[in-house]
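Note that the protein sequences, when read in sequence, are chains U and H.
In terms of this note's numbering, the first sequence opens at residue 1056 and continues consecutively.
In terms of this note's numbering, the second sequence opens at residue 1056 and continues consecutively.
Some hints here could point you the wrong way.
List of simulated lysine-lysine pairs, DSS-like, C-alpha gap at most 25 Å [stated by the list, open to error]:
| no. | chain 1 | residue 1 | chain 2 | residue 2 |
| --- | --- | --- | --- | --- |
| 1 | U | Lys1074 | H | Lys1074 |
| 2 | H | Lys1074 | U | Lys1257 |
| 3 | H | Lys1257 | U | Lys1189 |
If you are wondering where the hints come from, they were derived from the structure by calculation, not from laboratory data.
Number of protein chains: 2
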Amino acid sequence: MNNNTGAILVLSGPSGAGKSSLLNEVINDIGECYFSISTTTRAIRNGEENGVHYHFVTEEEFKKDIEEDSFLEYAFVHGNYYGTSLKPVKKALSEGKLVLFDIDVQGNTLVNNRLGDISTSVFISPPTLSELRKRLQDRSTDTQDVIQRRLEMAKKEIQRISEYDYLIINDNLKESAEILRTIAKASRLKIPDNEINEFVQKWENIDL
Amino acid sequence: MNNNTGAILVLSGPSGAGKSSLLNEVINDIGECYFSISTTTRAIRNGEENGVHYHFVTEEEFKKDIEEDSFLEYAFVHGNYYGTSLKPVKKALSEGKLVLFDIDVQGNTLVNNRLGDISTSVFISPPTLSELRKRLQDRSTDTQDVIQRRLEMAKKEIQRISEYDYLIINDNLKESAEILRTIAKASRLKIPDNEINEFVQKWENIDL
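Isolated chain U, as found in the complex:
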């Protein structure tokens, strides 16, 4: 019974914390994974692939999922629906995969409310604000305004680290990767509440 079912690993952290590099380091060592991606009703664009960039669905399908309470969260933006559907998540879990979520603090709360029994959360933080500023400036994809906004967001997010199971202060990629590897392996060992209850009941009903 141990370890047959999938589990969830939530990764949060400011842009520039190094989540993607960290994941790249460990992804081949932590068993079969599924990256949770958003579901949308908007038209697929050139170069996009269904199931890679988004799950592209019809408005009818999306609304059916809403009715079935399958969304962690969703929004209607500029005439299109966007959301995080639990359907592909549950499919991946049933296949024994580790489902990876790259979401913010609010998203983590939502995952916890719905699937907290099999979910482990990790906050990945840059070591210092000046290091974060440097990283954001070095990648030179953002304007100064955007960088300033990202720093402010980081400051806010970091205030909620205590909501996470683990904190990784990412000042050394190799060291942090080793930590994430260990956490990811352990996260797979969570057993769903319903399986625990089944096991407990089996013992409860025994006559000694």
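On the provided structure of chain U, position chain H as indicated by the hints.
Chain H alone, transformed into the frame defined by chain U:
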């Protein structure tokens, strides 16, 4: 900052679940450990060693620890004090060790209340009641009465598995050891609340 401080791993489970065999399998792979042992005021017996079987202390020392609220729990039995002192635990933690507790469900609650931020708990269960009965009978150290009492205790303890972070159903020693190894390694990655708060405050006080 990651992983400098010690952490706590609580192991619970009925007699016959295989805790000792499991620990023996993993103890050399999980870094420096300290086994929490009880403190007592009773006289040391032939063959016993201070710091191995018990921490032997004077009544004066014991009472001082009580006054300083250093005991997780203690009892006065047949004229002697027995208890679990947090002093050696805190010393081991400050040395970066993983502190192992072999305690029951009540003990786990007490550890959680005092040191929950750095504590990980594992319940080790035999797969079935008949397997547990067989194991207890095979070691032939207990009378039928004692075995019956152990089975009843096991049944009660198992009802509280959901209070634990992990459940290991120990039907295969090698597989269970691999699971415990992973959990133990991850348990070391817990960061104490005060260090988290320090980190958060460092960011809070920054002017952007």
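Now the hints, each set against the structure:
no.	hint	result
1	Lys1074(U) <-> Lys1074(H)	violated (37 Å)
2	Lys1074(H) <-> Lys1257(U)	holds (21 Å)
3	Lys1257(H) <-> Lys1189(U)	holds (18 Å)
In summary, the one numbered hint that this structure violates is 1.
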